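A.B. asks: Take a look at the letters that make up each chain.
2 protein chains.
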Amino acid sequence: MVVNGKSYRTVWMEGSSVLMIEQNLLPFRFSVFEAKDYRQTCLVIKTMITRGAGAIGAAAGFAMAQAFLEAGRHAKPEEFVLNAKTEIEATRPTARNLFYAVERVYAAGKESAAKAVEEAQALADKDAADSQAIGEFGNELIASGCRIQTHCNAGWLAFVDYGTALSPVYKAHESGKGIFVYVDETRPRSQGARLTAWELNNAGVPHVIVPDTAGAWLMSQGKTDMMIVGADRIAANGDTANKIGTFEKAIVAKTFGIPFYVAAPTSTFDPACKTGADIVIEERSDEEVLYQTGPDEYGNLVRVRVASPGSHALNPAFDVTPADYITGIITEKGIIRPEKNEITKLIAR
Amino acid sequence: MVVNGKSYRTVWMEGSSVLMIEQNLLPFRFSVFEAKDYRQTCLVIKTMITRGAGAIGAAAGFAMAQAFLEAGRHAKPEEFVLNAKTEIEATRPTARNLFYAVERVYAAGKESAAKAVEEAQALADKDAADSQAIGEFGNELIASGCRIQTHCNAGWLAFVDYGTALSPVYKAHESGKGIFVYVDETRPRSQGARLTAWELNNAGVPHVIVPDTAGAWLMSQGKTDMMIVGADRIAANGDTANKIGTFEKAIVAKTFGIPFYVAAPTSTFDPACKTGADIVIEERSDEEVLYQTGPDEYGNLVRVRVASPGSHALNPAFDVTPADYITGIITEKGIIRPEKNEITKLIAR
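Chains B and R, in that order, are what the protein sequence lines are. Position in the first sequence (first residue = 1) + 179 = our numbering. Position in the second sequence (first residue = 1) + 179 = our numbering.
None of these hints come from the bench; they were simulated from the model. Accuracy of the hints is not assured; some may be wrong.
Stated by the list, open to error - Computed cross-link-like contacts, DSBU-like style, restricted to lysine-lysine with a CA-CA straight-line distance of at most 35 Å:
id, chain 1, residue 1, chain 2, residue 2
1, R, Lys264, R, Lys294
2, B, Lys433, B, Lys524
3, R, Lys453, B, Lys402
4, B, Lys402, R, Lys305
5, R, Lys402, B, Lys225
6, B, Lys433, B, Lys519
7, B, Lys453, R, Lys215
8, R, Lys185, R, Lys356
9, R, Lys519, B, Lys433
10, B, Lys453, R, Lys356
11, B, Lys433, B, Lys453
12, B, Lys433, R, Lys402
13, B, Lys519, R, Lys433
14, B, Lys356, B, Lys433
15, R, Lys215, R, Lys289
16, R, Lys402, B, Lys519
17, R, Lys225, B, Lys402
18, R, Lys294, B, Lys402
19, B, Lys294, B, Lys215
20, R, Lys356, B, Lys402
21, R, Lys524, R, Lys305
22, B, Lys305, B, Lys512
23, R, Lys264, B, Lys433
24, R, Lys453, B, Lys433
25, R, Lys255, R, Lys289
26, R, Lys402, R, Lys433
Stated by the list, open to error - Computed footprint of chain B on chain R; a stretch qualifies when at least three of its residues, placed anywhere within it, have a C-beta under 8 Å from a C-beta of chain B:
id, stretch
27, 290 to 297
28, 367 to 374
29, 382 to 389
Source: prediction; values computed, not measured. Note that beta-carbon positions come from the ideal geometry of N, C-alpha and C, so glycine has one too.
Take the sequences, apply the hints, and build the full model.
C.D. replies: Written out as structure tokens, the structure is:
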């Protein structure tokens with residue numbers, strides 16, 4: 180994606196460093212963060228300097244490759260690599276892509292560290308190519324003048340490039356369909372208001388931010404034609420874990436008969452999870468709900484408390500939308516219904 | 180309600196001044212604001228220094244009384260009062276209590292300014308008494324150990340005292356039922372996280388703040404036993420206007436079979452509105468979505484931007500929940516089903 184006239188991926192590797200766009204500072208600062216070893220990359224994932232299903236996967240793959248590069252300097256390289264693998268996997272428990280990438284790079288690294296780097300790079304390239312294919316399939320669903328609602332950020336910032344939920348949006352916009360996007364704010368981390376709005380602004384796509392409370396109002400007024408969201412993990416039966424609030428929007432969309440699509444590469448499918456009940460939901464610190472950071476009138480980033488002092492908050496990071504609330508899943512291999520047989524066939528393709 | 184050892188109402192009149200708790204500064208500062216004439220009181224309502232269905236109604240009644248007190252100093256007192264009435268009614272279009280109070284005080288003021296003040300005072304007293312009665316009826320619905328979810332703030336800060344949705348909560352807490360409250364954050368103005376959490380903290384009621392995105396997660400996990408919300412206007416058929424996000428929670432509650440109650444005095448019913456389609460929904464400035472104010476680490480109140488620069492937002496202040504999503508309406512005269520016949524009978528009582 181082009182920012183300030185220069186082409187960027189969300190996360191990439193140079194030598195033994197992993198570089199990524201600093202997403203905690205967006206939309207107020209655009210800068211690149213360098214993680215010099217696998218531990219720094221783990222911290223990057225944990226603190227959400229990089230976030231989003233595909234970007235986490237790519238960063239985790241690169242981290243695993245970094246561990247192989249570092250292993251030679253340690254007395255017990257195999258033990259070092261295995262410990263690193265455990266550490267990387269512990270950073271974010273819900274994202275399927277993370278575990279997928281770590282396994283692939285770990286297997287390749289048994290041959291050589293160079294092979295690990297190569298595999299991590301190939302996975303990042305595949306993520307970008309898959310996102311592009313998702314955009315093409317998804318674009319076929321979008322009519323001229325379509326008003327699309329999305330939740331959280333499943334744009335290029337959440338993947339290596341293009342994104343999943345936003346990839347069809349970009350394709351539709353580029354093909355001159357005159358689309359409009361309703362961007363859910365997506366509390367508590369406001370990835371919609373901060374990242375999706377920033378992406379759409381950067382790409383010139385007409386949009387407006389919608390408070391999470393206004394979903395039923397919006398849909399009941401007939402303003403939303405379709406909803407597209409991303410996914411962090413999809414169970415064998417189609418139940419889908421995604422950013423907290425996705426399930427609520429799916430319920431409301433179903434109430435008003437609005438098509439509700441999930442966009443995700445097949446690496447997001449987890450055949451080992453039979454249903455959504457098997458998906459581990461990450462709970463994060465309640466400070467994400469109680470505080471917000473943004474620029475004051477002088478442009479200084481300030482963290483302010485936005486809730487009553489002395490009160491605590493719940494902060495589940497994801498929820499699981501049951502398959503029967505999902506109209507279809509847009510993948511790099513085509514669009515399928517969220518059913519066990521279709522998913523099994525898709526993965527086997 | 181007792182704060183820092185002293186008993187307060189939310190809004191009251193002393194001489195020709197209207198005094199109220201400064202709600203824009205809560206929960207970070209507790210202070211009293213004095214509005215010396217009806218125009219200042221209008222500004223107070225418009226800028227939400229005082230807010231909430233009942234408190235708006237009482238403040239508007241007091242403002243109308245102020246206008247009668249001021250009218251004697253003007254060449255055309257009748258014209259002055261009529262203009263004031265129009266100005267007061269224009270402050271917040273959705274709140275039924277506002278129009279109800281203004282009409283009542285306007286009628287009384289035709290006799291004398293003293294009668295106008297008396298009527299405004301009587302309306303405020305009635306608001307407090309009604310809230311207390313709502314608490315007693317509502318408490319009958321609450322089982323021991325009940326986990327109650329609420330949206331926005333319909334506590335004593337939204338009325339003259341006690342509140343509506345929170346009045347049963349206080350009664351149940353005082354009667355030792357060991358209840359727990361899930362407080363919806365309620366973006367964009369976060370009246371849940373700011374005001375309801377502050378009230379519950381002040382009264383020692385166990386609670387936790389829940390992001391608006393986490394409603395379906397919470398209810399699907401069986402954590403919520405019942406939901407109680409307030410109302411700004413109830414149509415003749417039971418359709419209910421309340422804070423944006425109420426309709427969405429009602430849809431989710433219905434999906435999971437969770438009882439959904441509205442608590443409101445009969446002054447909230449508007450027989451002139453046949454259905455929710457006749458209710459005017461106020462749209463507010465998008466700055467309420469794009470910025471948040473709170474104390475920084477030094478305790479200074481700072482306004483920060485929380486959304487991507489260059490993007491705009493929608494900000495409907497209310498939505499309408501259709502009657503068939505509402506289990507019952509808790510009023511000062513008893514609990515009714517949200518049906519035309521029951522509502523007509525209730526108002527006639």
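A.B. asks: For which of the previously enumerated hints does the structure constitute a violation, in increasing order of number?
C.D. replies: 4, 7, 10, 18, 20, 23 and 27
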